[in-house]
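Asker: Taken in sequence, the protein lines are chains A and B. 722 is the number of the first residue of the first sequence in the numbering used here; add one for each residue after it. 7 is the number of the first residue of the second sequence in the numbering used here; add one for each residue after it.
Think of the hints as simulated: they come from the structure by calculation, not from any bench. Since this is a predicted model, take the numbers as computed values, not measurements. Cβ atoms here follow ideal geometry from the backbone N, Cα and C, with glycine treated the same way. Hints are not guaranteed to be accurate.
To be verified - Residues from chain B that face chain A, not an exhaustive set, calculated with beta carbons under 10 Å:
hint : residue
1    : Pro20
2    : Val27
3    : Ile36
4    : Leu159
5    : Val170
6    : Asn228
7    : Leu277
8    : Gly279
9    : Ala280
10   : Ile281
11   : Leu282
12   : Phe297
13   : Ile308
14   : Gln309
15   : Thr311
16   : Ser323
Residue-level listing of the chains:
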Amino acid sequence: MRELLTFLRRNTLAVVGLVILVALIGLITIGPPVSPYAPTKLDILHKLEAPTFAHWLGTDAFGRDVLTRIMYGGRATLTIGVGVVAIAFVIGVFFGMLAGFAGGWLDSIIMRIVDAILAFPALVLAIALAAAFGPSLQNAMLAVAVTLAPQFARVARSQALSISVKPYVEAAISLGLPTHRILLRYIFVNGLGPLLVQSTLALGSAILQTASLGFLGLGAQPPLAEWGADVSANLQFVRSAAWVALAPGMAILLAVLSFNLIGDSLADWFNPRRRNELE
Amino acid sequence: MASFIIRRLIALIPVMCIVLVIVFSLVRLIPGDPAVTLLGPGAAQEQIDALRAQLDLDQPVILQFANYVFGLLQGDLGFSLKSGQPVTNEILMRLPATIELSVLAVIVAIIFGIPIGVLSAVRPNSIFDHITRVVSLIGVSMPAFLLALILQLIFATYLGWLPVSGRMSSFLTAETVTGFAILDGIITGNFAAAWSAVQHLVLPTAVLAAFLAATLGRFVRNTMLDVMGEDFIRTARAKGLRRSDVVLNHGLRNSLLPAITVIGLKFAEMLGGAILTETIFAWPGIGRYMFEAIKNRDYPVIQGTTLVFALIFVLTSIIVDLLYGVLDPRVRKRME
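For reference, chain B alone in the conformation it holds in the complex (with noise of 0.2 Å):
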């Protein structure tokens, strides 16, 4: 196991330069001087000297990418144009709150997604299979900010049940610990800032999870029908088994596991759906501040999210992996 994470991490080198290259290259897109766009026409030779240097504009490229790439070993994402602050800081500061969003989104999504594709696949062509196919399909072609539209004005505007947007009501004070403002809530003994969280977490969690449970229950709902066609279901029915033991135990153990990469890289594509979702419901995570920097053309800013959500996705993809060695004998066989 130990060697294959190791030839997994040393494959990951090539791959992470180039990342590396297209995150550094993001500045140097900007058509014109970048300082000078970025400025506007009426600044001063001096105020453009200055902020060529800031973005370490005025030495030749190569130096610039050692400079790069030897901030970031250091943990520096440069300073933001807007606030002065470290990027760094600054996006460790909003991580929780899209880290507590994303992984309820995962977990509803799995809740929802796998049964839905199980039932579909268990009666295929039938009126509910047709029904989740169709239902799924809009899922995944619903436009994230169209969906949080629709549910901020059902659950927000018109019955009044939910939050319209935020992460916690602005008439509660509570203490940051962790920086998960649920857990940090239960950790305080502060249960009604939990609950003012957790109501906060439903719209925006319901719009994420809305796109990875439709895509994974499409997804299981075909990878089960291939795998009941397989010969040892055929055995398992042979021999007697229970229809729930063999669609249960043979099938879904066997559907599951390609659905494990399903589920690790649409997480990445969530994250990119986290921009808008979070734009839209004022969530102060890593996608409002990339939104928010986009809107200042706050370059480092937008760098280093960039690079923090390429991050994310490939150490996603490395876990998914491993995932799959621990939970299939024939990889992890493979892998030793």
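Bound conformation, chain A alone (with noise of 0.2 Å):
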């Protein structure tokens, strides 16, 4: 706890990091019970209002209001990127501790995988993917996983390669212990801070491309509110009413940044030689 007030008190951009999270948490949260609209439901006399006391984000061109869709396409973007995230997080750990603990074929064969998905533009391979398994925010989400499963997988075999010579695995390893239970309990545990800030820095990213996704059509199907669906779904009437397009837009931007601000401001704590600079 000490170490976290220090780390704040250290980082302003972290700090801005987490006020935007927070307030974008709190409005996703106390916002759809306080809001006297539903997300989904049509008021087509008063489509495409601009900005107003009753709607202060302005309506879309169903006549929904704007800030109410946004506040529950929160709840799906960020219920998304934490989705992807555990997904990619749970694929790339398992098979890379494997690979740093085991060594040797397997870690060749699993290695030259990750090398492989790594050979593809992310953002390419996901629309491929979600293109092949069928538009549905299921397979966005499964797309972009397999994407970022390899950066977890990168960093977690380095991890477990430093942790598996350590004094205390190799007493691990001579007392017999089986090996699922070395890798969970001793190698996992104390390789989990890298984990943990690449797991922040690819919030941002998840967020992105499965935004990404949706806004090709790839992603959430309307009329679920998610934010890279919905700034799709205005974008022709941007000229004569911007709001619509650009407030889930910006909402997704500020949701990234606040990722972003934190798992850099992490790495930089976790980096020896520029914690130096900041204390």
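Please assemble the complex out of the two chains, which come individually in their own frames, going by the hints.
Answerer: Dropping the structure here:
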């Protein structure tokens, strides 16, 4: 806890990130029950209205309240981000730790697959996979997770490599503990720090990529409120009613920015060389 | 050097094999029978059989893969389901537009990103440093489509300075020689076309370059800060060299090398961004071609464009490695 406070005191940017994140989470948790509008209720008489006191961010082409859509869309977008990172974390860390701990041919095979996935621009592979699985939110999440998993595998492998030669791991091996216990109890737990930093940074990419898939029509399908899909759905009205597309776009920017601000500061904090500069 | 290139290419073989398997699997990942899914529920059995034959799905998987690789070796990426044209030709036709856009974006990103990184590192924790750090973080967090939208609204819709989308004014006719619009305009003496091409390039280039410039600025700042703490910098200072000499000849030179890797790696990410940028700006490159293929469920095109993107990325990483050797005598020595 003291460590956390010291970290926050010396990292103004992390605090800014945290404030934005807390504000966004507040908006999407408290907002929907308080809002007098439903995210999918049509009100054609009030379509494409400019921001007013009744509709703080205006209305879209179906007369739906843009702010309410953003609040509900944020629930989807942030849950998707966390979900994607969780899937990528589990897949990547499992294979990365296995590769680093086992070494030999298993390491070679796993790392060649990782290299091959990294040989694609992430968004291109995510788009191609999402297109193959079929356009849906779950498929988009899986596709993005596949492209993010190699980064976790790389970090996990290097952690496993450095931790598996530590005396306590050698002791555990000589005591005859089963491999899965050594991996989980010693290697995973002790290598968690950098993996958590990676997770924070990956959250930004996850949200950005899933929103991009949503924008291309490969993610969330209407009428579900999701920020990327909402930008794309309102694109045609942007010249007459800029707010309908810009507002959800700005929400994506703020969410990604908050994770990048926190992740960036955490990465500096965990880097001994940088940490000296901060202190 | 030659032996290094050969070793590097050999190391690439297993990776490229897995890349091929992934691209090959794309059609096979379609849930159920791909031919039935693609044609929809009302399709006749003859149509389904014809499409299965066209997609090579009526043979054992191993044979399908062998045919696919054999075709690739001859430059055959299959036929588009929509236009019926060879995918290779369609991609080659659109490649110059994407290259023109992305190469220009890289140049712009370098021109802006590196000086920003250097200036931030020279005065760490100054106001300039804080502002550029925040601006570059916004740059990497900004969805490409949002930036595109904002720029279009400001510079095309409200100010009317630049065209909203496309590659050239529809009132102009231009001859195609190389496929690069600006170059073609100059070669054929059609300067109006060349100027129109330049105007159309500004906004999409800015959108693509923003992400790379932001990443590069952040990276150069961080490596410069590391390098400026090294012993040889202290020695250079102790020798009484001018500050600009220390920063440019000792600091920047040693920070640029890792920056080349970042430019190479991020170039590929930028190509991914090109799909969004080209779609929004109606830029007739392979990014937009891929997007249209997704809309039309034109799988041979999706496979082809995915493979081309991967190939460009892999080639870039080899070029980066070689550049490293050319620029750093220590690396060159290790290569030889």
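Asker: Look at each hint and say if it fits the structure.
Answerer: Results for each hint:
no.	hint	result
1	Pro20	holds, 5 Å
2	Val27	holds, 8 Å
3	Ile36	holds, 6 Å
4	Leu159	holds, 6 Å
5	Val170	holds, 9 Å
6	Asn228	holds, 8 Å
7	Leu277	holds, 5 Å
8	Gly279	holds, 7 Å
9	Ala280	holds, 9 Å
10	Ile281	holds, 6 Å
11	Leu282	holds, 6 Å
12	Phe297	holds, 6 Å
13	Ile308	holds, 6 Å
14	Gln309	holds, 8 Å
15	Thr311	holds, 8 Å
16	Ser323	holds, 8 Å
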